[in-house]
Amino acid sequence: MYEERPARLDGAVVWSIGPSPVGEEPVPVLPDGCMDLLWHDGRLFVAGPDTFAYVPEGGPGRYAGLRFAPGDAPALLGVPASALRDRRVDLGALWGEARARRLAERVAAAPDPADALEALAVDRAVDAPAPDPLIRAVARRLAAGRPVAETADAVGLGARQLHRRSLDAFGYGPKTLARILRLQRALTLVRAGVPYAEAALRAGCADQAHLARETRALAGTTLSAYASDWAKRETPQPSGSSTTA
11 MYEERPARLD GAVVWSIGPS PVGEEPVPVL PDGCMDLLWH DGRLFVAGPD
61 TFAYVPEGGP GRYAGLRFAP GDAPALLGVP ASALRDRRVD LGALWGEARA
111 RRLAERVAAA PDPADALEAL AVDRAVDAPA PDPLIRAVAR RLAAGRPVAE
161 TADAVGLGAR QLHRRSLDAF GYGPKTLARI LRLQRALTLV RAGVPYAEAA
211 LRAGCADQAH LARETRALAG TTLSAYASDW AKRETPQPSG SSTTA
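Just so you know, we're using my numbering here: the sequence shown kicks off at 11 and counts up by one.
The set of hints was computed from the structure by calculation and includes no laboratory data.
Please read all numbers here as calculations on a predicted model, not as lab measurements.
Among the hints, erroneous ones may be present.
Derived EDC-like pairs: lysine to aspartate or glutamate, alpha-carbon spacing no greater than 16 Å straight-line [unchecked claim]:
#1 Lys242 - Glu35
#2 Lys185 - Asp133
#3 Lys185 - Asp163
#4 Lys185 - Glu35
#5 Lys185 - Glu160
Could you build all of it, start to finish, from the sequences and the hints given here?
Encoded structure:
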């Protein structure tokens, strides 16, 4: 079962997933512009920003995660987002093996690994640079559907400067981030039952065909398959069975 709550770090979300039933297919993780610090059965690692759907590996064990707002994770982790794009990297490769091992043991020994993971990040944030207000402004504007050129003007950056800053903060350029956030807006509407054509226009796509192409390119599925899979996961299951989100 998937659960989440706001974290003590501004803009972040703490989440957890219990062990999945044996044989249950893992649910693909769609690009969302975010990076996550994760714990899975004793291992601490970082999920970099994705440009396509990622199918989780490593078996059906318990997961805990801290999802950072777009652009916030690199300062805390100490590595540019572009270095982690489409990758899952052990925390030891970033913070040192001995330190990562001690932290993983601390999380594993805690009554709630998700709480322990959050505490770890809060401690780290004390000595890390604060999130960049300019980068947060870029993320907010693109999430709201504002054009990239307009966003660059609004934050006082040239196109090349914005691209360079975006690579470090988000892992890819602002146009890619805008595409990913637009798809997330559209799929949120689809999950709420909005017809595909209306969801496409409201999210900022040219038409339903445009949304269908973006869904296939970024999520690796079709609109109808996505909606069907979501409906199955939202439908209450008979006693004795469970699903994960």
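Practice item. Verify the proposed pairing of Lys185 with Glu35, using a straight-line Cα cut of 16 Å. Key: violated (32 Å)
Check your understanding: Is the hinted pair Lys185 and Glu160 satisfied, with a Cα-Cα distance of at most 16 Å?
Key -> holds (12 Å)
Check your understanding: Is the straight-line distance between the alpha-carbon of Lys185 and that of Asp133 16 Å or less?
Key -> Violated: Lys185 and Asp133 sit about 33 Å apart, past 16 Å.
Review point. Between Lys185 and Asp163, is the straight-line Cα distance small enough, at 16 Å or below?
Key: holds (15 Å)
Practice item. Quickly compare the C-alpha distance for Lys242 and Glu35 to 16 Å and report which way the hint goes. Key: holds (13 Å)
Going through the hint list in order, the structure does not satisfy hints 2 and 4.
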